[in-house]
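For reference, the chains in residue letters:
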Amino acid sequence: MKEFPTSALPALLVGLPMLLATMSLFFRVKGRALLGVLGSFLVGSLAFFAFIEVAKYGTIIHILGGWEPPLGILLRIDPLAAVFIGLTAIIGIFISLYSWWYFRARIASIGRFPLFWPLWFFLWAGLNGLFLSNDLFNLYVTIEVITICAVALAVLSGEAKALKAGLRYLLAAIIGSMAYLFGVALIYGSTGTLDLNLLGEVLKPGNTKTFALIVITLGLLIKKAAFPFHFWLPPAHSAALAPVSALLSALVVKGAFYMMLRLWTEVFEVSLTFAAGQLIGITGAAAVLWGSWQALLQTNFKLLVAHSSVAQMGYLLMMFPLLIMAPGQDADSAEWLAPAWTAGIFQVMAHAFAKASLFLSAGIVVMALGHDRIESLRDLVAWMPMTAMAIGIAGVSLIGLPPSGGFLAKWMLLKGVFLSGQWWWAPAILAGSLLTAGYVFMLLRLAFAPARVKDPFRPVPKILQVCALLLALGSFLIVIPAENLIQFLEGSKSFGSGIESIMKGGGYGNE
Amino acid sequence: METNSLLLILILISSLIPGILILLLDEAQAFQRNFLNLFGAVAKVALVGWVFVGYMQGETYAFIYGLAPDLTFALKADKMGLLFAALSSVLWLVTTLYAIGYLKGGKHQRRFFAFFSLCVTSSTGIALSGNVVTFFVFYEFLTLSTYPLVVHRGDDKAVEAGRTYLWYTIGGGTVLFLGVVALFVLAGPIYFGQTEIIASLVSENTLQLTLIFFLMLSGLAVKAAIFPLHGWLPISMVAPAPVSALLHAVAVVKAGAFGIARLVYDVYGIPTSEELNLLTPLAIFAGFTIIYGSVKAFYQDDFKKLLAYSTVSQLSYIALGVAITGVLSATGAVVHLVHQGIMKITMFFAAGNVAETYGFYRISQLNGIGRKMPLTMGAFTIAAFGMIGLPPIAGFVSKWYLGLGAVEAGSYWVVLVLLASSALNAAYFLPIVYRAWFCEPDQKEVLPKYRGPFEAKALLLIPVVLTGLFSLAAGLFAGSNYSPLAIAREIAEKLYPNLP
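Chains as they are written, first to last, in my numbering: chain E, 1 to 511; chain A, 512 to 1011.
These are calculated hints, taken from the structure and not from any lab test. It is possible that part of the hints are untrue.
Capping the alpha-carbon separation at 30 Å, the derived lysine-lysine pairs in DSSO-like fashion look like this [to be verified]:
id: 1; chain 1: E; residue 1: LYS454; chain 2: A; residue 2: LYS618
id: 2; chain 1: A; residue 1: LYS668; chain 2: A; residue 2: LYS816
id: 3; chain 1: E; residue 1: LYS462; chain 2: A; residue 2: LYS615
id: 4; chain 1: A; residue 1: LYS618; chain 2: E; residue 2: LYS462
id: 5; chain 1: E; residue 1: LYS454; chain 2: A; residue 2: LYS615
id: 6; chain 1: E; residue 1: LYS462; chain 2: E; residue 2: LYS30
id: 7; chain 1: E; residue 1: LYS454; chain 2: A; residue 2: LYS668
id: 8; chain 1: A; residue 1: LYS816; chain 2: A; residue 2: LYS968
id: 9; chain 1: A; residue 1: LYS968; chain 2: A; residue 2: LYS618
Covered stretches of chain E, going by a simulated chain A footprint (3 or more residues, C-beta under 8 Å) [unchecked claim]:
id: 10; region: 377-388
id: 11; region: 415-426
Note that the coordinates shown come from a computational prediction; the quantities given were computed from them, not determined experimentally. C-beta atoms are modelled at their ideal positions from N, C-alpha and C, and glycine is treated no differently.
Model the full assembly from the supplied sequences, consistent with the hints where possible.
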């Protein structure tokens, strides 16, 4: 095994938010919010520091309590994990800032929801833990922490609608977890190890493995709200409070995607057939078309944005068919792997920024109007130009128009699709773009249209609008350092190297 | 960064920065807004002029930024790009003056001027793009930055028009995107002028290259308003006059026409395009559009709609010139890019002046307007004669070269198209001129909304007179070494190095 620099960083990345979450319980409402905002900057700086360290030294590991795997637990930050942690930090900071003002402004009408802050920091710890985990059971634990926090956050408002949606969310998530755990048990039973890297070497093709792979993938697809398991997402995401919706859509669903990416590219490579990849691709394409179409039919802003999440997550699944070689193809010469990876990562980032911005904007609209019926967005441009701008910019990134992050993702995806000869994905990618344009411009059209009521909007604190706008701009700004980011990711174990070559390399390799 | 790369960036940000700053200003800060706008516009003209002169003296200007492996953002100055950049920046300056006068006291000026600046940024970006990807980026950015201007009035009609505009342009953009990516995958990152890359691929990828060409062409044809993809243009005329003038006579539609010229001249190259037989369909569609647009214009009573259909028709002259091979028709195509712009903007300014001052929107209301607004209608008359193709006005020069080119290439049907179109142009423009100058005003006297020393607000009057004079000068001095014609001729000669 290659030696990696060890450092306490990975442990801190999980420990600090956990500590902050616990600490916040001892504060009163006001102090809690302050702690939350300061804490988010603290965790953010730590994540930034970790990112720099990884850029300097490559993968960093931490062995908890000094017990090496397969007995102990090992946390590692490789470039891929660092990108996800960094993304979570940036979006987390903005959402924390927004939440501070959001809950202050809502005092009169509903309440301050003091539980938001501890739950959010536990969620953050869970997300960081997930990105750092390197074994199947740890992944299970972290995703359970995430699920519990996410469900609790989703029902925070206490409204009947939210409770009902939350219950559905919980059920779906538990079924997903169960399926995943079952698969993990099967693997542990046959190999005796849970460590991802060891598994990559030990796992031999066979019925058990195939079955475990199917069960685990199914579980993750449910958690990720992939078509046709997406039913729980739109109600849950749209009924939650605005900052919570943003967290759920921008970050939480990405957790399951991250797990799937790791497991498919690092553990299960042998059992994966071309057909399996195609199947995942088909669910992705179906989600793109169905989700976008549903979004087009919505009359409520938040539901529209939530359906759009289903569609945008579908694009992520469309990278999987490109990662698996057809019979006769050689991963070493497969020049579409790098574009496919780039597409996936940029889709994750662009969607996280854009979707967070859209949900925060939806929160602003609800605050100003008291409801989120799309019809009432009329004259938004004149009343809240900044929010209208945020919706426009985030929407443009979702459509995939240049020069946004969404554009880079779609460009790379389309490029990968053509290079691999799997051109049949192109119509779905483009049709999804057009449908997205349909619902984004449906919003903008109304925003420009004259109001039917006089002075429909109540004033909303500017800082909320600034947060949403900055996040929207983020989905464009990620394009500027794209080249460096891609180079950085190429140091990651699996990025662009393809499943076959990972097999050959084995171990913790970024050599 | 080198000075020469910096200059190209400066050309872009000379309108980008004012645009962003204007968004940050308050609606009431009219002085600051106008200052930023005019400062940016003057700076842009000066910078483009600087680069133009430098380029003529043999300097090279390029800027490259790598976005992702083999995906580069590239700016490069070449003659055709600079000609388009010069056209956009000069007309932006003129239109900014006009828009300040036109919108004075109107609502949402901050939004208007901000997006107006962004539009010009995209249009100069299109002009200076060094490769296909960069061109595409600005092409789509143009769509987005024009949308708020089309719906500027904010009434239901404007919002509907915006919707139509978007469906056409986003649809076209998607098709173009597909073509661009496919081209990228097949041929790698293509910089404009590297026609040898496609040429080397022709023998093995005939079908793919043909398909990609028509994908890209149909994406570009939307903005160039070639039949049957022209539908958005007449509908978009609900936009305020300066928008119709600059964007729908110059920036947006020219982006399409310019893109077609780039595609044929600098991506595929003329020999390859001919080898693959790509140009005949383009010529046929362009020829049909010329006649179709003129016929439709003939039946319009709405002043701006008439001008819009006339634009549909006139734009296809450029595509037609590109589609017919030969130095002369290439000269005609490139020079018409400029000439059509200055003539059509004059007409839109004039239409806007009449509407602003007297509230006339229909041709049938224009009886005797020439006596009340001699300068405005004088400029309009020059432009109209130019459009018809009377010497010595700009339009004559373009038509002359296009006609000669058609004869040279042996495409006599094109000559017929040009003649028919000129006759139609005369048939719908001359009645306006006649009404304006020779008809008695209607019984009911309409008082002007504007009172002052001139026939219209000075800020509305100066631009129309200026562009009217440009149209005349471009024709009169076509023989000079620095006329658009001379530059177009140089571009064309470089395209056909083997011809005498």
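Hint-by-hint comparison with the structure:
Taking the CA atoms of LYS454(E) and LYS618(A), the gap is near 17 Å; set against the 30 Å cutoff, the hint holds. About 15 Å separates the Cα atoms of LYS668(A) and LYS816(A), which keeps this hinted pair within 30 Å; it holds. Between the alpha carbons of LYS462(E) and LYS615(A) the distance comes to roughly 28 Å, so the proposed pair stays at or under 30 Å and holds. With a C-alpha separation of about 22 Å, the suggested pair LYS618(A) and LYS462(E) falls inside the 30 Å cut-off, and the hint holds.
Simply put, LYS454(E) and LYS615(A) have alpha-carbon atoms about 25 Å apart, close enough for the 30 Å limit, and the pair holds. The hinted pair formed by LYS462(E) and LYS30(E) meets the criterion: a straight-line CA distance of about 20 Å does not exceed 30 Å. With a CA separation close to 20 Å, the supplied pair LYS454(E) and LYS668(A) stays within the 30 Å bound. Under the criterion of a C-alpha separation no larger than 30 Å, the hint pairing LYS816(A) with LYS968(A) is consistent with the structure, at around 24 Å.
Distance check on the hinted pair: LYS968(A) and LYS618(A) sit about 19 Å apart at the alpha-carbon level, within 30 Å; holds. Restraint check on the region 377-388 of chain E versus chain A: 4 residues with Cβ-Cβ distances below 8 Å, three needed, restraint holds. A count of 4 residues in the region 415-426 of chain E with a Cβ less than 8 Å from any Cβ of chain A is obtained; the coverage claim is therefore met, three being the minimum.
Checked against the numbered hints given earlier, the structure satisfies every one of them.
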